[in-house]
Amino acid sequence: MIAPIAVAAAAFALSFGVLARSAGMGWVAPLVMSATTFAGSAQFAVVSVLNGAGSAAAAIAAAVMLNARYAPIGISIASSFRGPAPRRLVQSQLIVDESWAMTLRRRGGFDVHVLLGAGGLLYLAWNAGTLLGLVLGAVVGDPNRLGLDAAFPALFLALLLPQLRSGRAVSAALLGGGIALVLIPFSPAGIPIIAGAGAALLGSGTK
Amino acid sequence: MSAVWISVIAVGAATVALKAVGPVLLGQRPLPSWLAGPVALLAPAVLAAFVVTAAVGGDRAIVADARLVGVGAGAIAIALRAPILAVVVVAAAAAAVARLIT
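Residue numbers (my numbering), protein chains in the order written: chain G, 1 to 207; chain Z, 1 to 102.
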């Protein structure tokens, strides 16, 4: 089950490498980002905001809001981790959506070894895919002529749809998209996204 | 330091901390419910805002251009359960073709 997901992760990272390269992020920064952040949607968010001439503050705020879910995910499985704090710190970095979900699917509770095995393989695939994408991105040429600017919204749409598992999630998404749309003409790049995040607070108040 | 490096370092550090907070610090204490609700809804809200701004966002203006053709083609690819790389390639190719024609 893990092999196809690792291939998909490498392919996903490859598109990150291509887009980061054509957005002018250079070689080293995208590699460092894949090694430290290791979370697809947040990495694409940073590329997207910076590519649209948004500020570093807007890029950081958007990415942190996307990764905020890792706090409750990590807390939900915290009791499975063993050993001294530095070891738990390193192991916790292998928590990603896929490795976490795969671990939960096993019967009889949470197995931290499945998380470490799956997460470790995904980590290797993620960084190798990023490197490959950077090489490919360097030979791709003018990104907009190739339609790479249209790749971003399609990608975010593909990431959004699996999130819409409840009525609250749907209303948060509709509100978030609506707020962003209204603010686009009136605010600098990145602000509509941060304001859209406010929909999460409003959405959680609905039934 | 450039905006790229500031973003990369800050996001990397924040993500490491977010992933580690449970396993390193909290142990078995759960997230308080008043915080858990909004946190669970952050991803759909922010991703939807990204879809909209990346599809029609311009320099302080709503712009309808070849990107919409790309997003439409990407949506069809998603509906056909295409893998994410195929969705990206289809969207980019459709937008590029739309630009060639118009």
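Because the hints were derived from the structure by calculation, they are not lab data.
Glycine residues also receive a C-beta, built at the ideal position from the N, C-alpha and C atoms.
A hint or two may mislead.
One-sided and incomplete, this derived list gives chain Z residues near chain G with beta-carbon spacing under 10 Å [what the hints assert, rightly or not]: (1) V39; (2) V97; (3) I101.
Per the computed footprint, the stretches of chain Z lying under chain G, defined by three or more beta-carbons under 8 Å from a beta-carbon of chain G, are [said to hold, decoys possible]: (4) 14–21; (5) 70–76.
Derived CB-CB ranges, DEER-like [what the hints assert, rightly or not]: (6) G:R165 / Z:P83: 17 to 27 Å; (7) G:S79 / Z:T102: 56 to 66 Å; (8) Z:L100 / G:S79: 52 to 62 Å; (9) Z:W5 / G:L161: 24 to 34 Å; (10) Z:A36 / G:L124: 30 to 40 Å; (11) Z:R60 / G:A85: 46 to 56 Å; (12) G:R82 / Z:V97: 48 to 58 Å; (13) Z:W34 / G:P188: 45 to 55 Å; (14) G:L174 / Z:L35: 19 to 29 Å; (15) Z:I101 / G:G167: 39 to 49 Å; (16) G:V170 / Z:A86: 23 to 33 Å; (17) G:L136 / Z:A79: 36 to 46 Å.
Each hint, compared with the structure:
no. : hint                        : result
1   : V39                         : holds (5 Å)
2   : V97                         : holds (8 Å)
3   : I101                        : violated (12 Å)
4   : 14–21                       : holds (count 7)
5   : 70–76                       : holds (count 5)
6   : G:R165 / Z:P83: 17 to 27 Å  : holds (20 Å)
7   : G:S79 / Z:T102: 56 to 66 Å  : holds (58 Å)
8   : Z:L100 / G:S79: 52 to 62 Å  : holds (57 Å)
9   : Z:W5 / G:L161: 24 to 34 Å   : holds (33 Å)
10  : Z:A36 / G:L124: 30 to 40 Å  : holds (32 Å)
11  : Z:R60 / G:A85: 46 to 56 Å   : holds (47 Å)
12  : G:R82 / Z:V97: 48 to 58 Å   : holds (54 Å)
13  : Z:W34 / G:P188: 45 to 55 Å  : violated (32 Å)
14  : G:L174 / Z:L35: 19 to 29 Å  : holds (23 Å)
15  : Z:I101 / G:G167: 39 to 49 Å : holds (41 Å)
16  : G:V170 / Z:A86: 23 to 33 Å  : holds (25 Å)
17  : G:L136 / Z:A79: 36 to 46 Å  : violated (27 Å)
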